[in-house]
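**Q** Chain residues, written in single-letter form:
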Amino acid sequence: MTDVRLRLHGSLFDLRAPAAAIERLTLLFHPSVIEREPLAEPAAASFELRRVDGGWALLRGGRRTPLGTFPRSIYALLLLEHTIEELLLERLGDSLAFHAGAVVIDGGACLLAGAADRGKSSTTFQLTELGHAFLAEEIAAVAPDDRVSPYPRSLGLDPRVIDELARTHPLALGRCDTLDDLLARYTPHRVSLEPAPLASIVLPAFRPGEPPAIERLRVDAVLTELLGYCFEPRGGHEAAIDRVIELASGRPLLRMRYPDAAAARRLLVDHFGSASS
Amino acid sequence: MSGTEPRARPEARRYERAPDARLKRVGEAEAVYIGASRALHVLNPTARLLFHCLDRPSTVEELALVMEQLTDASRPLLERDLAEVLPELERLGVVQRAE
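Going down the list, the sequences are from chains U and V.
First residue of the first sequence: 1, per the working numbering; consecutive thereafter.
First residue of the second sequence: 1, per the working numbering; consecutive thereafter.
Looking at chain U on its own, in the form it has when it is part of the complex (with noise of 0.2 Å):
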């Protein structure tokens, strides 16, 4: 068994489990895995992926009862990130946290905030691969500075995303994992891990048929929309929407619809360059 510790918006949880598992969770967590040091600060909480007859357990730390076994440990270390995703979300402090990825663009953190299937994990891989360093995925916390915080773990993609766009675009800036036929992992070269503060909100919308279109939009007129794509603070809801206004007033807010990769390719490169080029 091996020993490794994950540090995610500055918090720690600890992993024990086979190095063949190990192996795996860089897949999901790279740059986030760290050597655990001996009397390093406590773990916020730990846990410990073992082999079961029929595959595999994944257990929270002192506990008996599994959370979830799989057939595959690659299933269990899913398990692990989304048990790790809702501790994060309950030790945010003042922060707000969006269901987005989010990138750094001249200094200034795009976050890309939408529902599940509207794109913001493909648009946030696009960015990315045009050069602009991967800051977060899934959980975008903005602290009370306006800073968004790096949540460094690799991207869900739809590995057909990935092929449309490699045909023309091979991939250059980061690597690809296919994990089974819907699912991918994208683990980019360029990492922010530094807080940025927060320069635009994007909502990427994925309508098939529909001409590709970036939109700037007024905050009143998305401000319902937005709230759904936040995670209730400890303030409670009229602080979600206060904080909302704040940050959304006075910064763009666009709405990039597209009908395919390629289409939101010249759309993000149009609008945002291409860091490397």
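It is worth saying that the hints were derived from the structure and are not from the lab.
Mixed in with the good hints there might be a few duds.
Claimed, not checked - Only some residues are given here: those of chain V computed to face chain U with a beta carbon under 10 Å:
(1) Arg25
(2) Ala29
(3) Tyr33
Quick reminder that beta carbons are idealized off the backbone N, C-alpha and C, glycines included.
Given the coordinates of chain U, assemble chain V onto it according to the supplied hints.
**A** Structure of chain V alone, referenced to chain U:
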């Protein structure tokens, strides 16, 4: 005859802001947050003006008089608009009948 109070004529009803309706500035617009229902309503221009005019309990007639001085609209037109908007805002919990 029942023992209930006689119903007020619609034009004699007095309206006021709901006590838990809180006004929020949202860019160029304004919205009202209702704490009890956790609902947020972005106000259209008529509702926005109406909400500001309801700084004290008022009837439709009184509101139309004040709003006439603040807009180019005629009082009969305003009274018709208010007769539509007020019940909708009441349904949403933004305004309520005054005691």
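**Q** Decide, hint by hint, whether the structure agrees.
**A** Outcome of the hint check:
1. Arg25: holds, 7 Å
2. Ala29: Holds, because the Cβ-Cβ distance from alanine 29 (chain V) to chain U comes to roughly 4 Å (cut-off 10 Å).
3. Tyr33: Hint on tyrosine 33 (chain V): holds, closest Cβ of chain U at ~6 Å, below 10 Å.
Checked against the numbered hints given earlier, this structure breaks none of them.
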